[in-house]
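Mind docking chain B on chain A? Use the hints.
Sequence lines, in order, name chains A and B.
Here the first sequence is numbered in the numbering used here, starting from 1 and rising by one per residue.
Here the second sequence is numbered in the numbering used here, starting from 1 and rising by one per residue.
Check the hints yourself; a few may be wrong.
Since the list can't tell identical chains apart, any single copy or any two copies may satisfy a pair.
[Stated by the list, open to error] DSS-like, lysine-lysine: derived pairs with alpha carbons at most 30 Å apart:
| # | residue 1 | residue 2 |
| --- | --- | --- |
| 1 | Lys-229 | Lys-284 |
| 2 | Lys-108 | Lys-336 |
| 3 | Lys-439 | Lys-72 |
| 4 | Lys-356 | Lys-72 |
| 5 | Lys-439 | Lys-12 |
| 6 | Lys-439 | Lys-229 |
| 7 | Lys-356 | Lys-272 |
What the hints contain is simulated information worked out from the structure, not anything from laboratory work.
There are 2 protein chains.
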Amino acid sequence: MKDVKNYIEANKQRFLDELFELIRIPSISAEAEHKDDMVRCANKWKEYLLAAGADKAEVMPTTGNPVVYGEKIIGADLPTVLVYGHYDVMPVAPLELWNTQPFEPVVKDGHIWARGADDDKGQSFMHAKAFEFMVRTGQLPCNVKFMLEGEEEIGSGALYGFCEEHKEMLRADIILVSDTGMLAQDTPSITSGLRGLCYWDVEVTGADHDLHSGIYGGAVANPINILCKMIADLHDADGHITIPHFYDDVLVISDEERALMAQAPYDEERYKQSLSIKAVHGEKGFTTPERTGIRPCLDVCGIWGGHTGEGSKTVLPSKAYAKISTRLVANQDYQKVSRMFKEYFEAAAPDCVTVKVTPSHGGAAYVSPLDMPAYRAAEKAYTTTFGKRPIPTRSGGSIPIVAGFERILGIKSILMGFGLGSDAIHAPNENYPLFNFYKGIETIPYFYEYFCDILSGREA
Amino acid sequence: MKDVKNYIEANKQRFLDELFELIRIPSISAEAEHKDDMVRCANKWKEYLLAAGADKAEVMPTTGNPVVYGEKIIGADLPTVLVYGHYDVMPVAPLELWNTQPFEPVVKDGHIWARGADDDKGQSFMHAKAFEFMVRTGQLPCNVKFMLEGEEEIGSGALYGFCEEHKEMLRADIILVSDTGMLAQDTPSITSGLRGLCYWDVEVTGADHDLHSGIYGGAVANPINILCKMIADLHDADGHITIPHFYDDVLVISDEERALMAQAPYDEERYKQSLSIKAVHGEKGFTTPERTGIRPCLDVCGIWGGHTGEGSKTVLPSKAYAKISTRLVANQDYQKVSRMFKEYFEAAAPDCVTVKVTPSHGGAAYVSPLDMPAYRAAEKAYTTTFGKRPIPTRSGGSIPIVAGFERILGIKSILMGFGLGSDAIHAPNENYPLFNFYKGIETIPYFYEYFCDILSGREA
Numbered sequence: 001m002k003d004v005k006n007y008i009e010a011n012k013q014r015f016l017d018e019l020f021e022l023i024r025i026p027s028i029s030a031e032a033e034h035k036d037d038m039v040r041c042a043n044k045w046k047e048y049l050l051a052a053g054a055d056k057a058e059v060m061p062t063t064g065n066p067v068v069y070g071e072k073i074i075g076a077d078l079p080t081v082l083v084y085g086h087y088d089v090m091p092v093a094p095l096e097l098w099n100t101q102p103f104e105p106v107v108k109d110g111h112i113w114a115r116g117a118d119d120d121k122g123q124s125f126m127h128a129k130a131f132e133f134m135v136r137t138g139q140l141p142c143n144v145k146f147m148l149e150g151e152e153e154i155g156s157g158a159l160y161g162f163c164e165e166h167k168e169m170l171r172a173d174i175i176l177v178s179d180t181g182m183l184a185q186d187t188p189s190i191t192s193g194l195r196g197l198c199y200w201d202v203e204v205t206g207a208d209h210d211l212h213s214g215i216y217g218g219a220v221a222n223p224i225n226i227l228c229k230m231i232a233d234l235h236d237a238d239g240h241i242t243i244p245h246f247y248d249d250v251l252v253i254s255d256e257e258r259a260l261m262a263q264a265p266y267d268e269e270r271y272k273q274s275l276s277i278k279a280v281h282g283e284k285g286f287t288t289p290e291r292t293g294i295r296p297c298l299d300v301c302g303i304w305g306g307h308t309g310e311g312s313k314t315v316l317p318s319k320a321y322a323k324i325s326t327r328l329v330a331n332q333d334y335q336k337v338s339r340m341f342k343e344y345f346e347a348a349a350p351d352c353v354t355v356k357v358t359p360s361h362g363g364a365a366y367v368s369p370l371d372m373p374a375y376r377a378a379e380k381a382y383t384t385t386f387g388k389r390p391i392p393t394r395s396g397g398s399i400p401i402v403a404g405f406e407r408i409l410g411i412k413s414i415l416m417g418f419g420l421g422s423d424a425i426h427a428p429n430e431n432y433p434l435f436n437f438y439k440g441i442e443t444i445p446y447f448y449e450y451f452c453d454i455l456s457g458r459e460a
Numbered sequence: 001m002k003d004v005k006n007y008i009e010a011n012k013q014r015f016l017d018e019l020f021e022l023i024r025i026p027s028i029s030a031e032a033e034h035k036d037d038m039v040r041c042a043n044k045w046k047e048y049l050l051a052a053g054a055d056k057a058e059v060m061p062t063t064g065n066p067v068v069y070g071e072k073i074i075g076a077d078l079p080t081v082l083v084y085g086h087y088d089v090m091p092v093a094p095l096e097l098w099n100t101q102p103f104e105p106v107v108k109d110g111h112i113w114a115r116g117a118d119d120d121k122g123q124s125f126m127h128a129k130a131f132e133f134m135v136r137t138g139q140l141p142c143n144v145k146f147m148l149e150g151e152e153e154i155g156s157g158a159l160y161g162f163c164e165e166h167k168e169m170l171r172a173d174i175i176l177v178s179d180t181g182m183l184a185q186d187t188p189s190i191t192s193g194l195r196g197l198c199y200w201d202v203e204v205t206g207a208d209h210d211l212h213s214g215i216y217g218g219a220v221a222n223p224i225n226i227l228c229k230m231i232a233d234l235h236d237a238d239g240h241i242t243i244p245h246f247y248d249d250v251l252v253i254s255d256e257e258r259a260l261m262a263q264a265p266y267d268e269e270r271y272k273q274s275l276s277i278k279a280v281h282g283e284k285g286f287t288t289p290e291r292t293g294i295r296p297c298l299d300v301c302g303i304w305g306g307h308t309g310e311g312s313k314t315v316l317p318s319k320a321y322a323k324i325s326t327r328l329v330a331n332q333d334y335q336k337v338s339r340m341f342k343e344y345f346e347a348a349a350p351d352c353v354t355v356k357v358t359p360s361h362g363g364a365a366y367v368s369p370l371d372m373p374a375y376r377a378a379e380k381a382y383t384t385t386f387g388k389r390p391i392p393t394r395s396g397g398s399i400p401i402v403a404g405f406e407r408i409l410g411i412k413s414i415l416m417g418f419g420l421g422s423d424a425i426h427a428p429n430e431n432y433p434l435f436n437f438y439k440g441i442e443t444i445p446y447f448y449e450y451f452c453d454i455l456s457g458r459e460a
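With the rest of the complex left out, here is chain A (with noise of 0.2 Å):
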């Protein structure tokens, strides 16, 4: 891949300009005001696909957020790489712990600072200006796809169906993927493996209104109350989760694997600095690296009921809500683990309140194995720029659909994601490093390059 380097060089500043405008267009999927965002969006990323070089690109309907569809076909003969990212963001609540405006996107101290800066507006459009590079230089070595989809934030709904609907039309050798992180600027790492997802919406219900908590209280069960004890019960004092069966299909990891695992490069010390805890937390017979990579966990992602503004109601409430997740690792099904859960749960409620479970979404976990052609073309690309070889993870975190892609296209996934934890991707202040980004693009060519070779037997 000649001359890259210089590429992003000259075009540096251009490049940002154009991520910026993408960022500025607040495509939150989960909040429904924001329709014609999402629209506004995926036409934006069609321009840019067009323009950096796809003989066509679409927006193309589904039943919920429509997808951006572009390709660049140069050989029936030749392998195709299927690009996938999201155009959605997540919701930017708490707005005051924010430093700058969510959707103003800022450059301070080497970072990009913006919803979506790293997740996955500024991962994703990597790809595209790595596409560009290749496409003007004359150096594309293969098929190029691009799938982008409005809901990876809210479960990825639709993209299930669009993905049944259009196999064809999607057909490729791998789906590449950066929306994941690495460990550090200096220690490049591929995710090998993604924890799967289950989400509820829960609701309890005492009496049928708000009581006066002095004239009730002591009598009449009090939701909150209640709600509290059913998600204590969740975890026992080994922080094990309670769920009968939950653990039945967890794949146990080997000594062996466990013992490598620990070889990734970690400093408990400076994880707490980094959150500014005094403990870790979590279950019992595992290190943090196993408690995020090869564990199931399950998390209150919200909680409320009563009075929840100023001053000293005092009130029983009627309901009290929360938001219930899990993430899984392979081989929990999570439909079943879905089931399992609604189940368990309004059957564990005491006679006094009633309580329902909405399943919200879900997903599979994801493994990808080391010995692959697409791990290793990325192996090479990542020790290639990064003077490094980088380091297999599993991250903690969740991307369904990949899983989903596995099971409807038969096709694996390559996960080079250059997020780095700080990126505090999901919360106030999210950010990307400017290192990190144009890393990213001076990487990616190299791995279209070595795949290519691989899969056509002209590796070294």
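For chain B alone, kept in the frame of chain A given last:
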């Protein structure tokens, strides 16, 4: 008390119109934006006291919202009744559950529907009109003082200091309060005991910023999960509160007194039906009336943290919050309990989070002896107007200042409450039956008459 029924009949629409003017002022003490409404409401009361026959009335400054004070002194040797009430009201959220606008009172199905219809605008205004009747018909048998505060719903913070400062002005033989309920329209009752109150704001902090629940879930403490566990641990399996020494000072009620209490009409099936619950829930070994009357309790009045909006954001939040209150009984010291909980709950925090408890407000429990002159006078007044002897009951609610009056001013209170359990005070669709409103105005003058008779030895 001659002609009280006729007087009410002749003036009933005016009484309502005047009350509605008070109700229309949204005097929510818990919300800072209503500061001006507090002053407007106090001035309206001043105007009403003067119109009803007070010699003087003033809006007096305090360290918080103003106090309205008014008086009519007709003889230095006569008894003095000090009427206490409050012109502030509770917040109205959740607004979507109201069938009418909370500050636009309407009469429907024989009830007044509005925030403050009962608590305490409706109930306190009965005293203004009973006073007006006695003055205008020349039947006022004693001196009358009025004191209306604007902070009852937030703990009467400023009134304690106001009482300390104005002991002489507030001298009286009894404090007359209508801020409680009665059993039913055909079952008059007098509240002979009130629970005390302690209220805290709790904040649990994990990491110093919101985290991605996938990347960190399972390894970093989730403050919502921890808060739920800590709240769950505040009760044992029998519904006892687990805070060490919490019950040390609780007055043990004799089996005889419990047997007497058990004679009050109470139908558990109707109770459950009125709340749409399948089962009551409380401390083992006590009946429902005992659980709210003679036993303390602990309730979470509000909880929030993480993503509480639309959609399914996967976040491991930095903070979780709760508003926790206890209702206390004789002889628990609310200041001691306040310190006890703060120390216990903060110390109970595991290493992985920090917990901050901020005491909000509190007050002691109060017991009114059944043989004091005011109780006997009230009993006789109800018997006259309802044709039935009222039952002494212990309310689960709290009017902390009532214990404060006894401590600071050395004056007992008599709690002639005319509200019903169905009035939905502190909740959406607060209401007050017209029957109770007018019956209160009718009953109050008899209390004055009988009280003066008893004090002067003229009792029949």
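Hint-by-hint comparison with the structure:
1. Lys-229 - Lys-284: both (21 Å within a copy, 17 Å between copies)
2. Lys-108 - Lys-336: neither (46 Å within a copy, 51 Å between copies)
3. Lys-439 - Lys-72: Answer is within: at 24 Å inside a copy they meet the 30 Å cutoff, but 85 Å across does not.
4. Lys-356 - Lys-72: neither (49 Å within a copy, 58 Å between copies)
5. Lys-439 - Lys-12: Classified as within: same-chain Cα gap 11 Å, cross-chain 82 Å, threshold 30 Å.
6. Lys-439 - Lys-229: Cα proximity of Lys-439 and Lys-229: none, with 48 Å in one copy and 44 Å across.
7. Lys-356 - Lys-272: Intra 37 Å, inter 20 Å, cutoff 30 Å: inter-copy only.
Of the hints listed earlier, those the structure fails to meet are numbers 2, 4, 6, in rising order.
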